[in-house]
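A.B. asks: So the chains spell out like this:
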Amino acid sequence: MDIEEISRRDFIRLTGSLALVTTVGGCIGNGFGGSDDQITITDLTGREISVEAPAERIVVTYNFGDVVAVGGEDVFENVVGFAQYWKRFSPSFWQKYKNEFPQLNDIPNVGYRDDVDVEHVISLDPDVVITSKSHYESYSNIYQRISNAGIPVLALNYHEESMEDRKKSTELLGAVLGKEERAQQIWNYCKKKYDEVFDRLEKIDRAKPRVYIEPRFMEYSDDYVATYGDQSWGAIIDQCRGKNIAAGKGTRPVLSEEFLLKEGDPEVFIVEGVNWPEALGYNPEWEEDDLIENIEETYFERSGWKELSAWKEERYHVTHHEFFRHVYDFIGYQFIAKANYPSEFEDIDPEKTWEEFHEKFLPIDYSGQWMVYSSSE
Amino acid sequence: MGYNMAEYSEETGPGIKDIYSKINNRKKLLVSILGLLCVAIFLLDIAIGSSWLSIKEIVFAMLQEGNRINKIIVWEVRLPMSLAALLVGASLGIAGAEMQTILDNPLASPYTLGVAAGAGFGAALAIVVGVEALPIWKGTLVSLSAFLFALVASLMIYYIAKLKNASKEMMILAGIAILFLFESMLSLLQYFATEDALQEIVFWLMGSLQRSTWMDLGILFFILVPASLWLTSKRWELTSLRLGDERAKGIGIDVEGLRLRTLIVVSLLTAVAVSFTGTIGFIGLVGPHIARMLVGESQRFFLTASALAGAILLLGASIGSKLVIPGVIFPIGILTSLIGIPFFIGLILTQRGGYWG
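These protein sequence lines map, in sequence, to chains A and B. Under my numbering, the first residue of the first sequence carries the number 30, and numbering increases by one thereafter. Under my numbering, the first residue of the second sequence carries the number 66, and numbering increases by one thereafter.
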């Protein structure tokens, strides 16, 4: 698919979406059009909240990447408080965005998860606090206290791999940030990418490949690291017609060596890099070959691993931790689908899609290396 | 174990009454100083917070005057946290003091006998099961479940110990067994919990003062007051427990009954404190030791001093948790130990002679 075709299609969709947005805006409340109106919306926890939109003073304690995607550059003017979790958990994003928007560094840190300082949040006098449904529910005392102080809390849900929730979260972000059109463009783009993956998968009737995914936190560990069961990557593997060998074994099970070598015998092995800046991210030091070589010299030196189908068939791949639980999860779907069915997804390049998403929607330039397939793909 | 009999054995000799009242006056003075210190640090805790309100603004807000945000900050954020620190610290201090007394063991704390492990399991169970079932009432559900399982743990100890004449050895062994039982059940829950629930359990266990509502504070207060009154009414009996079971029986005390009833009261205090704030460690161990070093074993001073020492420690940690990373509430469970331990070791080292009589 060439770029021109995409833009043309997008234009058609954009015109269509404008009509849709008007309807959504109407349904959402009286907020469409004018500025500084109160809009009443139902967030992803099912609570009805009343927000001044477009919100000009925003505190974000989670889903910052999604706020940036929908809100664009304006976000860096309007966010008055931030749980600086990027600093610790996504250093590559932190560095990249900080270089581009130095003011990011000056946004007050309000604390993360259970550390959120309620007093600090209240004293910033925000129009809205944006977090995830999972954080809202896990730290309900904190968010209820913030709500009780008359500050609306908007909870999003990109966590449960649900299309409906992703759509709604994106639209709500658009409504609250005053970026309805842009939100709709983003969602239309995402939807197209998801549909493409699912349409192709539907036509496949071969046996599902056995897949094993292991997170790598900076340093390699000889011990097996807790993999993903039925959620997150586990759910994506399943939705991409793969057989996650850890399915049904708990949320984050550590597989036994014996099970993995004998019964599990993955045909596809995936390393998902968490906070592994020399290999993945906006400014990695390693080339593709270094990365694959590193995988071969670490994971496949574990006892018995040279007997695994994944080694024999040369199907071991690496991706960044970023591609699930976000508005741009479809990158993760493309990556896994291609890993599972290389021939059916030969023409799809998730890294290119990520680059395209940057060009279309993110306020920073694409750079670096985010995923690598072993040579057979 | 040698007994520090100075207060009991010198029944004869001139001026004994003078000496006794001198010692008592000194102890009264020490308890009053602790009390004043507690009030001061409580006020300091209210005065400190990330938005750095001036004293004037705080006073205005307290009187329900002035800026809306300041009022919310003082009434909905600072006061509940400071009061929680005060009440939970006092509850844990008292619970620890009586646990050490009835078990005649300096290592005992409110958490020794698995009461907190029961609470931890109860909270985790509600977090794992309750998230889906009752998301809105989850906070209450977690506290309630923590409380119930803390009581289940202590009732199990109670009945096991009762079978064997409520000896302290039996109680400790039963308690340790229950502790491990609930800890392994907690691990089991953690193993099957979702990633978010797991994170939440970990944070719950670390403890936080940001959780308690005005309602919780009311409940804490109405458990703490009758519990302290009851313990005060038993002050002489409890003091004599430290003479050893045989001697206490010799002077006509129902040792088993007293021990079991005190266990229930201590469990109630611990269960309520822990269920609202999570397992904030160390206070219940060190508070009583500090009190004992200052005023000795006699319960009428020891009880009050333990409550005050516990409250002071937790209020101090609360101030610390607001200051370590400005704008972020640092987990209090980490600070209680980091602040308390050097202080505690300093106290032990500067004590003359052995003090655990």
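Just so you know, these hints were derived from the structure itself, not from any lab. It is possible that part of the hints are untrue.
[Unchecked claim] A short list of chain A residues far from chain B (calculated; beta carbon distances all over 10 Å):
#  : residue
1  : F105
2  : L133
3  : Y141
4  : S167
5  : Y168
6  : A276
7  : G279
8  : N312
9  : E314
10 : N323
11 : S332
12 : D358
13 : E385
[Unchecked claim] Computed footprint of chain A on chain B, listed as stretches where at least three residues anywhere in the stretch have a Cβ under 8 Å from a Cβ of chain A:
#  : stretch
14 : 136-144
15 : 254-260
Note that CB positions come from ideal geometry on N, CA and C, so glycine has one too.
A.B. asks: Does each hint hold? Answer for all of them.
C.D. replies: Hint check:
The Cβ of F105 of chain A sits about 19 Å from the closest Cβ of chain B, beyond the 10 Å cut-off, so the non-interface label holds. No beta-carbon of chain B is positioned within 10 Å of the beta-carbon of L133 of chain A; the least distance is around 15 Å. Its closest Cβ contact with chain B, about 8 Å, brings Y141 of chain A to no more than 10 Å, contrary to its assignment away from the interface. The beta carbon of S167 of chain A sits about 4 Å from the closest Cβ of chain B, which is not more than 10 Å, so the claim that it is off the interface is violated.
Not every CB of chain B lies more than 10 Å from the CB of Y168 of chain A, the least distance being 7 Å, so the non-interface label is violated. In this structure A276 of chain A is separated from chain B by more than 10 Å, as the shortest Cβ-Cβ distance comes to about 14 Å. Not every C-beta of chain B lies more than 10 Å from that of G279 of chain A, the closest at about 6 Å, which undercuts listing it as non-interface. Every CB of chain B is more than 10 Å from the CB of N312 of chain A (nearest about 27 Å), matching its label as outside the interface.
Separation of E314 of chain A from chain B is adequate, the least Cβ-Cβ distance of about 30 Å exceeding the 10 Å criterion. The Cβ of N323 of chain A lies farther than 10 Å from every Cβ of chain B, with a closest approach of about 27 Å, so its non-interface assignment holds. Every CB of chain B lies more than 10 Å from the CB of S332 of chain A, the least distance being 25 Å, so the non-interface label holds. For D358 of chain A, the requirement that its beta carbon stay farther than 10 Å from each beta carbon of chain B is met, with the minimum near 16 Å.
The claim that E385 of chain A is not at the interface with chain B holds, since no C-beta of that chain comes within 10 Å of its own (minimum 30 Å). As drawn, the stretch 136-144 of chain B meets chain A at 5 residues by the rule of a beta-carbon pair under 8 Å; at three or more, the given contact holds. Beta-carbon proximity to chain A at under 8 Å applies to 5 residues in the stretch 254-260 of chain B; the threshold of 3 is reached and the given coverage holds.
Checked against the numbered hints above, the structure breaks hints 3, 4, 5, 7 and satisfies the rest.
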